[in-house]
Amino acid sequence: MKAIRCFRILFMIFFLVLYVKQMRGQEVHEIGLQGGASAYLGDFNHINIFKSPSFCGGAFYRRLFDDYNSIRLSVGAGMLSGSSKNIGSFLPRIPPEIEFSRQYINVDVKYEVNFIPFNPLRVKDDFFSPYLLVGIGCYFYDDSIIPAIPFGAGIKIAASPRLTMGVEVQLSKTFNDKLDGYSNVTSGRSVLINNDWFAFYGLVLSYRLKLGQKTCPAYL
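Going by the UniProt record's numbering, the first residue of the sequence shown is number 1, and it counts up by one from there.
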């Protein structure tokens, strides 16, 4: 029941944004794939997203409203691994070494904003842009449903009027402190800070189903 509720909330938000934007934006749709590495941040690894990486991948649908704004519905899967070995800090009530490696599935809705206009139809002018993204999602992990706030940044390049390639880094703030099987209840940090994170970095490839138009409707 929790999984169904999570899906309902995400789809409601997704379609609500589509409804609000549909009268203002151009009708452009993309489908895509992403692949790279997932990593864990938490009590055993505070900042290094390149520590204990595992392969992950996914697919997404993206609806573009104009040359700046779009919304993305994504589904992904991967592994999350980590170890308490050589963490360089003391953790109370912990065995000499904890290792974990678990599968996960994630679903999220993210809003994406380009720094500069991006339109593959104008390849000579607007073929490249950095971007930011933020949204909400949930992870199906270790028989639990974990809500998360994904956010990140990337760079996209138009390889052709229909094909876009990019690189992306994304962090997902969870509301769970036991992704690693350990909860640091004695930490002086607040509940908002004392939680574990998912991280993703890799390649993003999308295919434009409908080309749209060269000029954004906002400037007509």
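Worth double-checking, as some hints may not be accurate.
[What the hints assert, rightly or not] Subject to a maximum C-alpha distance of 30 Å in a straight line, what follows is the list of computed DSSO-like cross-link-like pairs (lysine-lysine):
1) K51 <-> K210
2) K85 <-> K173
3) K51 <-> K85
[Stated by the list, open to error] Cβ pair distances, simulated, as ranges:
4) F115 <-> D143: 19 to 25 Å
5) R102 <-> H46: 18 to 24 Å
6) D142 <-> F55: 29 to 35 Å
7) Y61 <-> I157: 32 to 38 Å
8) D143 <-> L209: 33 to 39 Å
9) L205 <-> I105: 42 to 48 Å
10) K51 <-> R162: 34 to 40 Å
11) K51 <-> L209: 35 to 41 Å
12) F151 <-> L205: 20 to 26 Å
13) N48 <-> F175: 35 to 41 Å
14) V75 <-> K173: 27 to 33 Å
15) F50 <-> A77: 30 to 36 Å
It is worth saying that the hints were derived from the structure and are not from the lab.
Just so you know, even glycine gets a beta-carbon here, dropped at the ideal spot from N, CA and C.
Hints versus structure:
no. : hint                      : verdict
1   : K51 <-> K210              : violated, 40 Å
2   : K85 <-> K173              : holds, 23 Å
3   : K51 <-> K85               : holds, 12 Å
4   : F115 <-> D143: 19 to 25 Å : violated, 40 Å
5   : R102 <-> H46: 18 to 24 Å  : holds, 20 Å
6   : D142 <-> F55: 29 to 35 Å  : violated, 18 Å
7   : Y61 <-> I157: 32 to 38 Å  : violated, 20 Å
8   : D143 <-> L209: 33 to 39 Å : holds, 37 Å
9   : L205 <-> I105: 42 to 48 Å : violated, 20 Å
10  : K51 <-> R162: 34 to 40 Å  : holds, 37 Å
11  : K51 <-> L209: 35 to 41 Å  : holds, 38 Å
12  : F151 <-> L205: 20 to 26 Å : holds, 21 Å
13  : N48 <-> F175: 35 to 41 Å  : violated, 22 Å
14  : V75 <-> K173: 27 to 33 Å  : violated, 19 Å
15  : F50 <-> A77: 30 to 36 Å   : violated, 21 Å
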